[in-house]
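Residue numbers (numbering that gives the first Met the number 0), protein chains in the order written: chain D, 0 to 155; chain G, 0 to 164.
Because the hints were derived from the structure by calculation, they are not lab data. No false leads were mixed into what you were given.
Calculated lysine-lysine pairs in the DSSO-like style (CA-CA distance at most 30 angstroms, straight line):
no.: 1; chain 1: D; residue 1: K107; chain 2: G; residue 2: K137
no.: 2; chain 1: D; residue 1: K123; chain 2: G; residue 2: K145
no.: 3; chain 1: D; residue 1: K123; chain 2: G; residue 2: K113
no.: 4; chain 1: D; residue 1: K107; chain 2: D; residue 2: K9
no.: 5; chain 1: G; residue 1: K113; chain 2: G; residue 2: K46
no.: 6; chain 1: G; residue 1: K142; chain 2: G; residue 2: K46
no.: 7; chain 1: G; residue 1: K46; chain 2: D; residue 2: K123
no.: 8; chain 1: G; residue 1: K142; chain 2: D; residue 2: K123
no.: 9; chain 1: D; residue 1: K53; chain 2: D; residue 2: K123
no.: 10; chain 1: D; residue 1: K107; chain 2: G; residue 2: K113
no.: 11; chain 1: G; residue 1: K95; chain 2: G; residue 2: K32
no.: 12; chain 1: G; residue 1: K113; chain 2: D; residue 2: K9
no.: 13; chain 1: G; residue 1: K46; chain 2: G; residue 2: K32
no.: 14; chain 1: G; residue 1: K113; chain 2: D; residue 2: K53
no.: 15; chain 1: G; residue 1: K137; chain 2: D; residue 2: K123
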Amino acid sequence: MEQVSQALYKALRDDSEATNGIRALLGNTTANPYNCYFGSFPESFDFSPSGGAKGLLVYSMVSCVRDTEFRGPAAMVAELLYDVTVYARAESTVESAQRRVNVRLQDKRFITAPTSQAVIQNVKLDNIHAVEWDDAWRVYHQTATYRVWARDDNTL
Amino acid sequence: MADSVGTMTIDGLQPLLILLGGLGGDVNLALTKIIDHAAESVATHAKRNHFFIGTRKGATKRAKDHELDFMNPDGSLRFKVRTGVLRNSIQVRPTKTNRGEITGEVVAGSGYAKSVEYGRMGRSRAFPFMRPALEAVKPQVIKDSKIMLEKLINQRRGKALGGTS
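Build the full structure now, drawing on both the sequences and the hints.
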């Protein structure tokens with residue numbers, strides 16, 4: 000499912016819209032980095048206003064099971080869950096970034112097809128949590144879970 | 000209140016319940032059994048398939064150095080068991096019936112369960128164990144429920160037919 004994760008990364012880093020996209024909301028308007036991470040958190044991160052009030056987006060694969068409802072010929076479709084968590088000092092930034100993530104992922108609107116061997120059939124929002132405050136890092140965060148139906152001939 | 004990580008809802012039961020009610024079966028008892036079975040399946044899967052248990056000398060260090068290497072065939076990671084507190088805290092709560100709704104709950108009572116499931120700044124990453132378990136057992140539980148209900152309907156139907164002949 001590596002191809003699928005990469006396709007989601009491209010949609011989430013939102014590099015086509017440098018001034019008002021997700022990365023702009025996360026504090027980077029001109030160049031890399033996108034502040035978008037797969038799986039792991041960066042070792043240290045400065046959320047403070049003096050550090051530019053930057054935010055962070057972390058997405059990770061939660062589970063991958065074969066879709067038993069799909070009865071297509073010769074194709075094996077997997078049903079995957081992905082968590083997308085946004086961290087930022089301002090609550091409004093977290094909410095705006097999650098809305099933006101939803102616009103890009105829901106119904107695979109801004110996701111390009113990975114390769115001919117890997118096809119994303121659909122993406123739907125499964126659930127979204129309330130915004131929470133992390134006292135240790137002094138940052139707001141919110142997690143949304145997306146359900147992805149995909150076919151990946153490389154691994155399945 | 001505990002945070003919910005996922006739910007499994009069985010829709011379209013209304014016509015079936017009417018049918019079962021008409022046949023005189025103890026519908027609630029049958030459905031409670033199904034929910035019990037579902038909750039047990041999720042808890043067992045979460046305990047067995049999403050943790051890595053290293054027991055030999057140096058296992059903790061090995062786990063720390065290779066924490067991204069212990070994974071399931073689908074690519075999801077296994078969280079290293081060091082004390083067993085989290086794994087042992089995964090428990091099934093008694094099934095509740097309230098106004099026609101039957102609810103089963105699987106809880107991870109450990110204080111850091113949520114941080115492991117979702118990941119947090121300061122931890123290396125998320126190691127989901129509850130939601131993958133729910134997703135993995137869902138198709139089988141639905142299949143088992145169908146078999147159990149069919150069995151019950153056939154039993155009741157047989158009795159009803161026997162009574163009228």
